[in-house]
Amino acid sequence: MIKTGKGPKAITSVKSIREAEQRAEMLSLRLEGKTLEQIGAHMNVGADTVHRVISRALTSVTKEPAEELLTLELGRCDVLLTEAMQTVKAFHPLVSAGRVVSAPMLNNQGEPIRNPETGDVLTRVLEDKAPKLAAIHVAVKVMERRAKLLRYVPVLSLVAMLTGAAVVGHAYRGAYRFAAVLTICLPLGFTPCADWR
Numbered sequence: 064m065i066k067t068g069k070g071p072k073a074i075t076s077v078k079s080i081r082e083a084e085q086r087a088e089m090l091s092l093r094l095e096g097k098t099l100e101q102i103g104a105h106m107n108v109g110a111d112t113v114h115r116v117i118s119r120a121l122t123s124v125t126k127e128p129a130e131e132l133l134t135l136e137l138g139r140c141d142v143l144l145t146e147a148m149q150t151v152k153a154f155h156p157l158v159s160a161g162r163v164v165s166a167p168m169l170n171n172q173g174e175p176i177r178n179p180e181t182g183d184v185l186t187r188v189l190e191d192k193a194p195k196l197a198a199i200h201v202a203v204k205v206m207e208r209r210a211k212l213l214r215y216v217p218v219l220s221l222v223a224m225l226t227g228a229a230v231v232g233h234a235y236r237g238a239y240r241f242a243a244v245l246t247i248c249l250p251l252g253f254t255p256c257a258d259w260r
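Numbering-wise, the sequence shown is residues 64 to 260 according to our numbering.
Hints are supplied without guarantee of correctness; some may be wrong.
[Said to hold, decoys possible] Pairs of lysine-lysine, DSS-like flavour, derived with a Cα cap of 30 Å: (1) K152 x K211; (2) K97 x K78; (3) K97 x K152; (4) K126 x K204; (5) K195 x K152; (6) K204 x K192; (7) K195 x K211; (8) K192 x K152; (9) K97 x K126; (10) K211 x K126; (11) K126 x K78; (12) K211 x K192.
In case anyone wonders, no lab produced these hints; they're calculated from the structure.
Take these sequences, add in the hints, and give me the full structure.
This is the structure we're talking about:
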């Protein structure tokens with residue numbers, strides 16, 4: 064964190080400038096092949112101080128590329144999650160033997176509904192749930208990857224209901240999976256079962 068105000072911790076203070084010069088000299092001596100003890104003797108500090116200063120300097124040097132890589136990976140996760148969610152939200156007709164499967168529309172008594180003009184039985188295309196469930200699985204995996212990148216690993220388990228019918232999903236470990244299941248299932252009208260811990 065850069066301090067820009069007044070005082071000994073300000074980036075332009077005499078103390079901050081001296082510390083920056085010392086860091087630069089320590090790094091330069093290390094690049095010349097000097098040992099930590101030799102650098103410490105030259106700078107009138109202990110070898111452990113030299114090690115700490117050089118380690119912090121190297122961390123700050125590598126921090127920016129690491130942050131760029133993290134941003135790139137999180138962006139990739141976002142793209143994959145967007146694609147998976149589009150698949151979840153899309154309608155997938157059920158196909159059997161190369162033909163789209165339709166079923167008659169039924170009224171409350173279980174009788175077929177007929178077109179009043181033609182008398183034909185009205186039908187509807189059945190939906191294939193397999194692509195939707197596969198996309199939910201992929202979305203949860205992407206969200207887990209995102210959580211690992213962000214080092215988010217709380218522990219909480221749950222049992223989630225993945226469809227309106229009583230098809231129970233898997234017991235997931237981690238609150239992030241719980242959030243993932245809720246994020247995916249609730250907008251689709253699916254609800255997690257009451258028995259989660």
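Verification of the supplied hints:
no. : hint        : result
1   : K152 x K211 : holds, 26 Å
2   : K97 x K78   : holds, 25 Å
3   : K97 x K152  : violated, 62 Å
4   : K126 x K204 : holds, 27 Å
5   : K195 x K152 : holds, 8 Å
6   : K204 x K192 : holds, 19 Å
7   : K195 x K211 : holds, 24 Å
8   : K192 x K152 : holds, 11 Å
9   : K97 x K126  : holds, 25 Å
10  : K211 x K126 : holds, 18 Å
11  : K126 x K78  : holds, 24 Å
12  : K211 x K192 : holds, 29 Å
In summary, the structure is inconsistent with hint 3 from the numbered list given earlier, while agreeing with all the others.
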